[in-house]
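Heads up: the protein sequence lines correspond to chains U and C, in order. Position 68 of the first sequence, counted from 1, bears residue number 536 in my numbering, the numbering being contiguous throughout. Position 135 of the second sequence, counted from 1, bears residue number 187 in my numbering, the numbering being contiguous throughout.
Treat the hints as calculated values from the structure; they're not laboratory data. Take these hints with a grain of salt, some might be off.
As the list claims (entries may be wrong) - Beta-carbon label-pair distances, calculated as ranges:
1) C/Leu91 <-> U/Val639: 36 to 46 Å
2) U/Leu488 <-> C/Ile75: 53 to 63 Å
3) C/Leu67 <-> U/Ala550: 28 to 38 Å
4) C/Gly92 <-> U/Gly591: 26 to 36 Å
To be verified - Heads up, incomplete: computed chain U residues facing chain C, CB under 8 Å, no partners named:
5) Ile605
6) Leu609
7) Gly612
8) Leu616
9) Asn640
10) Ile644
11) Ser647
In this text the structure is predicted, and so the values were computed from the model without any measurement. Backbone N, C-alpha and C fix where the C-beta goes; we use that ideal spot for every residue, glycine too.
Letter by letter, the chains look like this.
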Amino acid sequence: MRNKLINWFRYASPQTFYPLAGRMIPWFWGLAAIFGVAGLFIGFLLAPTDAQQGEGYRIIFLHVPASWMSMFIYLVMAFWAATGLAFNTRLSGMMASALAPTGALFAFLSLWTGALWGKPMWGTWWVWDARLTSELILLFLYIGFIALQAAIDDPRRADKAGAILALVGVVNIPIIYFSVQWWNTLHQGASVSLTRAPSMAAMMLWGMLLCALACWMYSIAVALMRVRVIMLERERHTDWVRALLRGKA
Amino acid sequence: MLSLIRAVIGRDLRLAMRRQADIVAATFFFIIVVSLFPLGVGPEPDQLRRLAPGVLWVAALLATMLSLPRLFADDHRDGTLEQLALAPQPLALIVLGKVIAHWLVAGLPLVVLAPVLGVQFDLAGDALAVLTLSLLIGTPALSGIGAIGAALTLGVRGGGVLLSLLVLPLYIPVLIFGAGAVDATVTGLGAQAHLSLLGALALGGVFFAPWPTAAALRVALE
Chain U
469 MRNKLINWFR YASPQTFYPL AGRMIPWFWG LAAIFGVAGL FIGFLLAPTD
519 AQQGEGYRII FLHVPASWMS MFIYLVMAFW AATGLAFNTR LSGMMASALA
569 PTGALFAFLS LWTGALWGKP MWGTWWVWDA RLTSELILLF LYIGFIALQA
619 AIDDPRRADK AGAILALVGV VNIPIIYFSV QWWNTLHQGA SVSLTRAPSM
669 AAMMLWGMLL CALACWMYSI AVALMRVRVI MLERERHTDW VRALLRGKA
Chain C
53 MLSLIRAVIG RDLRLAMRRQ ADIVAATFFF IIVVSLFPLG VGPEPDQLRR
103 LAPGVLWVAA LLATMLSLPR LFADDHRDGT LEQLALAPQP LALIVLGKVI
153 AHWLVAGLPL VVLAPVLGVQ FDLAGDALAV LTLSLLIGTP ALSGIGAIGA
203 ALTLGVRGGG VLLSLLVLPL YIPVLIFGAG AVDATVTGLG AQAHLSLLGA
253 LALGGVFFAP WPTAAALRVA LE
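Take these sequences, add in the hints, and give me the full structure.
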């Protein structure tokens with residue numbers, strides 16, 4: 469029992485997690501490449517042309533995974549933030565701040581690809597649709613998180629302040645989402661809705677799922693790389709980082 | 053418990069009364085922002101009537117935000133905040149008192165001024181009443197949610213700009229239902245649904261916000 473407990477927290481220390489992350493990164497990059505190539509192959513070569521939207525629909529192979537990841541990463545970030553507040557572990561805060569830029573990137577990509585898709589399909593770059601608006605707000609929340617952490621010099625304080633903000637955001641996201649939806653539907657009927665998509669061919673779905681997996685693996689790989697850098701930066705006064713850098717030099 | 057909250061409110065109000073310039077400045081900011089819009093978009097009454105709810109509510113959001121840094125900064129600077137955090141009473145309750153005092157100083161003047169400014173936008177009587185009511189219900193939520201941002205940015209460089217970045221996205225639901233209530237009245241739909249939701253937001257905001265605020269204050273005081 470006691471052994472298990474120790475094992476559970478073994479990788480909560482940056483010193484042990486650093487080499488583990490280093491060993492895992494190539495695997496996740498490899499998986500990301502395999503899933504990405506397979507997903508894009510299916511998406512561009514095997515999936516049929518959409519009857520209504522023509523070839524333009526193929527942007528969903530990036531757009532949908534990016535939207536999913538932007539929301540999922542916020543939840544993961546909030547999970548690490550809560551863990552950091554509850555257990556006071558250094559690594560949790562580092563994970564949260566390592567995830568934020570990737571989440572913001574996906575939120576931005578989701579908006580950008582959505583605009584590229586919207587121009588030929590809806591005839592406009594942007595509509596104040598509930599989904600678009602809430603994705604934009606999600607991007608704002610990411611930027612607020614990153615800005616708050618960047619403004620505080622002491623990393624421990626930055627972690628805790630960021631964690632509180634991330635948790636407040638998690639409570640607020642459903643409220644914001646529904647308010648935006650009601651705001652839109654109260655004014656005018658939604659002229660466009662992503663939920664009423666025509667039923668999808670199996671090939672399209674497979675391509676999309678594979679691309680989503682590729683984005684997921686990419687997020688993990690990038691977050692691990694970033695957390696390694698953050699670890700070195702914050703723990704630079706410790707013996708293990710000094711020994712590591714001396715070994716490399 | 054109530055006497056503690058009352059004592060905090062009384063103290064904050066007394067302090068605010070000794071620095072009336074701050075209150076007046078934020079209030080005039082509200083008036084000026086609202087008055088700028090007709091100059092920018094033109095004086096056609098039809099257009100102004102359509103814009104009025106949004107303009108007044110956005111101006112109220114900005115004016116509230118402007119007065120937020122004052123909520124904890126002065127107490128932080130002279131060390132009072134540390135004494136409050138050391139007090140045996142829960143810090144969240146003290147924060148609740150400060151939030152109420154902030155609303156009395158920063159929110160209530162906006163509510164009182166709103167009908168006058170609404171007349172500038174040619175709003176009809178019932179719309180004016182709903183506008184005032186929606187601000188009366190909604191501004192406590194602004195003070196509550198804003199307190200979280202004010203505590204998080206306490207003593208941080210560039211705090212003012214950062215505060216707006218953190219707090220404004222969280223204000224969106226209040227803006228939507230507040231402006232929506234007036235809009236619904238103007239179009240004849242009835243404002244009750246909006247006002248109920250706004251009331252729920254205000255109660256939820258004022259009730260729950262003191263906890264994260266207190267946690268953020270403790271982080272800032274470490």
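Tested hints:
1. Our hint of 36 to 46 Å for C/Leu91 and U/Val639 holds, since their Cβ atoms are close to 39 Å apart.
2. For U/Leu488 and C/Ile75, the hinted distance range of 53 to 63 Å is satisfied, since their beta carbons lie about 56 Å from each other.
3. Taken as a hint, the range 28 to 38 Å holds for the pair C/Leu67 and U/Ala550, whose Cβ atoms sit roughly 36 Å apart.
4. For C/Gly92 and U/Gly591, the hinted distance range of 26 to 36 Å is satisfied, since their beta carbons lie about 29 Å from each other.
5. Satisfaction of the interface hint for U/Ile605 is found here, the shortest Cβ-Cβ separation to chain C being roughly 5 Å, below the 8 Å cut-off.
6. A least Cβ separation of about 6 Å between U/Leu609 and chain C falls short of the 8 Å threshold, and the interface hint therefore holds.
7. Using the Cβ-Cβ criterion of 8 Å, the hint placing U/Gly612 at the interface with chain C is satisfied: the shortest such distance is roughly 5 Å.
8. Taken as an interface hint, U/Leu616 checks out: its beta carbon lies about 6 Å from the nearest beta carbon of chain C, inside 8 Å.
9. Hint status for U/Asn640 relative to chain C: holds, with the closest Cβ pair at about 5 Å, below 8 Å.
10. The interface hint given for U/Ile644 is met, as the beta carbon of that residue sits about 5 Å from the closest beta carbon of chain C, less than 8 Å.
11. The beta carbon of U/Ser647 is positioned within 8 Å of a beta carbon in chain C (closest approach about 4 Å), and the interface hint is therefore held.
The structure is consistent with each of the numbered hints, conforming to all of them.
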